[in-house]
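For the record, the sequence lines run as chains A and B.
So the first sequence is numbered by my numbering: it starts at 1 and just counts up by one.
So the second sequence is numbered by my numbering: it starts at 1001 and just counts up by one.
Source of the hints: derived by calculation from the structure; they are not laboratory data.
Quick reminder that beta carbons are idealized off the backbone N, C-alpha and C, glycines included.
Heads up, some of the hints might be wrong.
Claimed, not checked - Okay, derived cross-link-like pairs now, EDC-like style, lysine to aspartate or glutamate, Cα gap no bigger than 20 Å in a straight line:
#, chain 1, residue 1, chain 2, residue 2
1, B, K1169, A, D239
2, B, K1211, B, E1229
3, B, K1169, A, E139
4, A, K36, A, D239
5, B, K1169, B, E1158
6, A, K36, A, E21
7, B, K1169, A, E140
8, A, K157, A, E139
9, A, K157, A, E140
Claimed, not checked - From chain B, some residues computed to sit far from chain A (all C-beta separations above 12 Å):
#, residue
10, V1006
11, F1107
12, T1125
13, W1130
14, Y1176
15, I1189
16, N1230
17, S1233
18, L1242
19, S1246
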Amino acid sequence: MTDPTPAAPPPVEPERPFVVEARAVVKRFGSLEVLKGIDLSVQRGQTMVIVGPSGSGKSTFLRCINRLETLNGGYISVEGEIMGYRRQGDRLYELTDAELARQRTRTGMVFQQFNLFGHLTALQNITEAPVRVLGLDREEARARARALLATVGLEHKADSYPAQLSGGQQQRVAIARALAMQPSVMLFDEPTSALDPELVGEVLGAMRSLAQSGMTMIVVTHEMSFARDVGNTLVVMDDGRIIEQGTPAEVLDHPTTERAREFFSRVH
Amino acid sequence: MVVVPVRHYGRAVAGAAVLLVLLGLVLSVARNENLDFAVVAENMFEPVVLGGVGLTLLLTFISMAVGILIGVIAAIARLSPNPVLRSVSAGYVWFFRGTPVLVQLIFWFNIGIIFPRLGIGIPFTDVTFWSVPINDVITPLNAAILGLGLNSGAYIAEIIRAGILSVSKGQVDAAYALGMSRRLTMRRIVLPQSVPIVIPPLSNEFIGMLKYSALASVIAVQELLGSVENIYSRNLRVLELLIVASIWYLIITTFFTFAQRLLERRFSRGRAMVGAAGGVRA
């Protein structure tokens, strides 16, 4: 059913400036075309913020990057490797489940609904994948998890279960969980949309310091001030297409399309 | 000011009437000259009866283990992307839930009629490396385990499937996003969280199995019912011995009902117990 037609797979080069590259990405759910040809590149160490009206395909695009959704056309590469495929000569072989899982360790994802594992403590949520997937020593994984919890200000919640944490705390644990895999890029799917207004700040704060530490990030959000202050690039999507792309100041202050102007006037 | 509560005369009358009927019933049994409670007492700890209790427990535990094993496999197959596995699993549940367990027991007991020998060979040829008479393998007890296990597996498959589906899709996405494979996600994230969901219905199934195991008496298994039948066929004290069996069934089911409560408490870790002081074990 998936019929990716990679236009021109990127040449292998040692110092790749782009961590994520998407070319002509098309995604359909049944007869509904959700992504109608997305092209974009994310530079190492930069934060790209994607905004747009709901239903414009932002979240779907993010889920295509780590292949939680398969593509119907085009390709996405992370660190030069096409997601979901292995290149051999001029052929692409679809990855097995285990190979795909391995490939996904390069991308960390933070979800709108946090999606912490309910039966595990905050610390266990963070150590589970490093121990089981990367084969990290348990003690080392714990030490790393405690350090990560400290960076998001939750070292005292290590032994709490998700149900005992507020939404903002759960989301910060989720960020630490994704970081524990030491991904090349972090994907944020509306990370503050499910939070009470007074808890949004703590999560945005954690994301801001993460961006400042040099992590490559793609953030789908409705927080325009975050886009302006933290984003290096702002992308506006509408109806499955990118309609604006540039520095946040440029795009926010001088949008070139009527649709973008209209969208900004509604969210400001 | 004196407050006079509403008087519930109707309740008092209904309660008294019910108590009267119950008293009448108890007396008519207790003072019945055709029932000899000395026989009940004598037979409670008869070695044959105790052996029956043991065999009932054994039969129940093994059949339940077989049922859970088959049920987990069938549930995972039912949710797999492979259409063949999905259909076979659905067909299994359809067949074994759709025919009476008594029929299945008698069927396995008589399997030797259509397959006299059980062996290993090359399918679709006459080449056989090794074989034994099937009646050496399918003893009455094994026939009962097969019948009860396969039958309960069909019900347990549905219980496990519901448990698996109760774990949010979001957690599965999160596990995949972290680089966990399907298998690892099922084993480490989904199944552990379905355990507390499936314990109440599985306990129900277990207690049902304790009693369904009595059906094995029709295929010559000397479990609890079979053992008392054995005694009353000689002394003809049918009702006294059925009372003996019933008392034992009640003792066993009461015990396991308490065990279920302990299990539920043990497995409620991390689940919706935030408010309760000290509710969650770390």
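Hint check results:
no., hint, result
1, K1169/B x D239/A, "26 Å, violated"
2, K1211/B x E1229/B, "15 Å, holds"
3, K1169/B x E139/A, "30 Å, violated"
4, K36/A x D239/A, "8 Å, holds"
5, K1169/B x E1158/B, "19 Å, holds"
6, K36/A x E21/A, "16 Å, holds"
7, K1169/B x E140/A, "30 Å, violated"
8, K157/A x E139/A, "18 Å, holds"
9, K157/A x E140/A, "19 Å, holds"
10, V1006, "42 Å, holds"
11, F1107, "39 Å, holds"
12, T1125, "35 Å, holds"
13, W1130, "37 Å, holds"
14, Y1176, "6 Å, violated"
15, I1189, "6 Å, violated"
16, N1230, "48 Å, holds"
17, S1233, "52 Å, holds"
18, L1242, "45 Å, holds"
19, S1246, "40 Å, holds"
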